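J.: Single-letter residue listing:
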Amino acid sequence: DTGVSQNPRHKITKRGQNVTFRCDPISEHNRLYWYRQTLGQGPEFLTYFQNEAQLEKSRLLSDRFSAERPKGSFSTLEIQRTEQGDSAMYLCASSLGLAGVAKNIQYFGAGTRLSVL
Amino acid sequence: DQQVKQNSPSLSVQEGRISILNCDYTNSMFDYFLWYKKYPAEGPTFLISISSIKDKNEDGRFTVFLNKSAKHLSLHIVPSQPGDSAVYFCAASDIQSGYALNFGKGTSLLVTP
Numbered sequence: 001d002t003g004v005s006q007n008p009r010h011k012i013t014k015r016g017q018n019v020t021f022r023c024d025p026i027s028e029h030n031r032l033y034w035y036r037q038t039l040g041q042g043p044e045f046l047t048y049f050q051n052e053a054q055l056e057k058s059r060l061l062s063d064r065f066s067a068e069r070p071k072g073s074f075s076t077l078e079i080q081r082t083e084q085g086d087s088a089m090y091l092c093a094s095s096l097g098l099a100g101v102a103k104n105i106q107y108f109g110a111g112t113r114l115s116v117l
Numbered sequence: 001d002q003q004v005k006q007n008s009p010s011l012s013v014q015e016g017r018i019s020i021l022n023c024d025y026t027n028s029m030f031d032y033f034l035w036y037k038k039y040p041a042e043g044p045t046f047l048i049s050i051s052s053i054k055d056k057n058e059d060g061r062f063t064v065f066l067n068k069s070a071k072h073l074s075l076h077i078v079p080s081q082p083g084d085s086a087v088y089f090c091a092a093s094d095i096q097s098g099y100a101l102n103f104g105k106g107t108s109l110l111v112t113p
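Protein chains in written order, with my numbering: chain A, 1 to 117; chain B, 1 to 113.
Rather than coming from a laboratory, the hints here were simulated on the basis of the structure. As the structure is a prediction and not an experimental result, all values here were calculated from the model. Glycine is no exception: its CB is placed at the ideal position from the N, C-alpha and C atoms. It is possible that some hints are incorrect.
Said to hold, decoys possible - Where chain B lies over chain A, by a calculated footprint (3+ residues, C-beta under 8 Å):
no., segment
1, 31-44
2, 49-57
3, 104-115
Okay, chain A solo, but in the shape it has when bound (with noise of 0.2 Å):
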């Protein structure tokens, strides 16, 4: 399967933990996407990277969310101190991110399913 992969499919915490998530994105593609969705939402923007760069944080990535990806290739996505509010789908996407449109179609992957008790 050459798609985009998440871990853990599924979490469950207690308030005031740390989580890590993970994102292997579909290994040719440079862009790497993170959104996160609540319940009767769409998927909301996180962040962005090119390559290893981190270009483009929403507000909504507070001080307590921090990603990387280190050597471009996969994600990580931290929370810190997890509150009740962070309870959502984490999903992650990517793309090919060169010139022209059509090379900026995002494939997501599954998504990770965090409860925050």
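Here the structure of chain A is known, so what remains is to put chain B in place on it, guided by the hints.
T.: Just chain B now, with coordinates in the frame of chain A:
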């Protein structure tokens, strides 16, 4: 503020008929629009896209129409099949934000036999 709006939370269509899903946007900088389909417990799946320089794009049973002056796009599915039952998300993006997607809230389509 919601820059992409899907005002119909749900739509029910009979098998074989046309499904029309609508989407409105407010940001005139958006230059690339996409439709995604989502089944429960799965990530969104890309369906079809359109650039702002076009007004129509067709792929099999799926056609997307773009009316830039009205800031409106629609997805037509003809003929509708029961397997098309899913949540459909409209998304818009622009080069300035690295094509980060702005999604609507989705429309749940049910195609009945």
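J.: Would you mind marking each hint as holding or not holding in the structure?
T.: Checked hints:
With a threshold of 8 Å between beta carbons, the proposed coverage of the segment 31-44 of chain A by chain B holds, since 8 of its residues qualify and at least three are required. Counting residues of the segment 49-57 of chain A whose beta-carbon sits less than 8 Å from any beta-carbon of chain B gives 3, enough to reach three: the coverage restraint holds. Only residues whose C-beta sits within less than 8 Å of a C-beta in chain B count toward coverage, and the segment 104-115 of chain A has 8 of them, enough to reach three; the restraint holds.
The structure shown violates none of the earlier numbered hints.
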